[in-house]
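Trainee: Each residue of the sequence shown is one higher than the last, beginning at 75 in our numbering.
Wrong hints could be hidden among the right ones.
To be verified - Restricting the straight-line Cα-Cα distance to at most 20 Å, the calculated cross-link-like pairs of lysine to aspartate or glutamate (EDC-like) are:
1. Lys135 / Asp145
2. Lys135 / Asp96
3. Lys135 / Asp147
4. Lys142 / Asp96
Derived from the structure by calculation, the hints contain no laboratory data.
Model, not experiment: these values are computed from the prediction.
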Amino acid sequence: MTLKFGSMSVEFLLNVRINLADQRHSYGEDRFQLLGRIGSRIFVVVYTPRPQATRIISARKANTREVKEYDNDTTEN
75 MTLKFGSMSV
85 EFLLNVRINL
95 ADQRHSYGED
105 RFQLLGRIGS
115 RIFVVVYTPR
125 PQATRIISAR
135 KANTREVKEY
145 DNDTTEN
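Based on the provided sequences and hints, a complete structural model is requested.
Mentor: Laid out in structure tokens, this is it:
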């Protein structure tokens, strides 16, 4: 599956359920993980806010644990 920005990114942002600080490593900058849905799949986007823009570090399909986390958060809200 190829992800294209534009309408897909709007769909993702409308379906974001979880926004977590990424504290796995000391990167020297604040990093965050977004979990959201595009179509029937859950994706993870890791980003860092910058003064003039938001830098996307990575975007990928969520793993099994992340999908469960997303689904649990969705059913609780």
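Trainee: Taking the hints in turn, state whether each one holds.
Mentor: Each hint tested on the structure:
1. A hinted pair counts as satisfied when its Cα atoms are at most 20 Å apart, and Lys135 with Asp145 qualifies at roughly 14 Å.
2. Of the pairs offered as hints, the one joining Lys135 and Asp96 holds, with about 17 Å between alpha carbons and a cut-off of 20 Å not exceeded.
3. Using a Cα cut-off of 20 Å, the hinted pair Lys135 and Asp147 holds, with the two alpha carbons roughly 17 Å apart.
4. About 18 Å separates the Cα atoms of Lys142 and Asp96, which keeps this hinted pair within 20 Å; it holds.
Against the hints set out earlier in the document, no violation occurs for any number.
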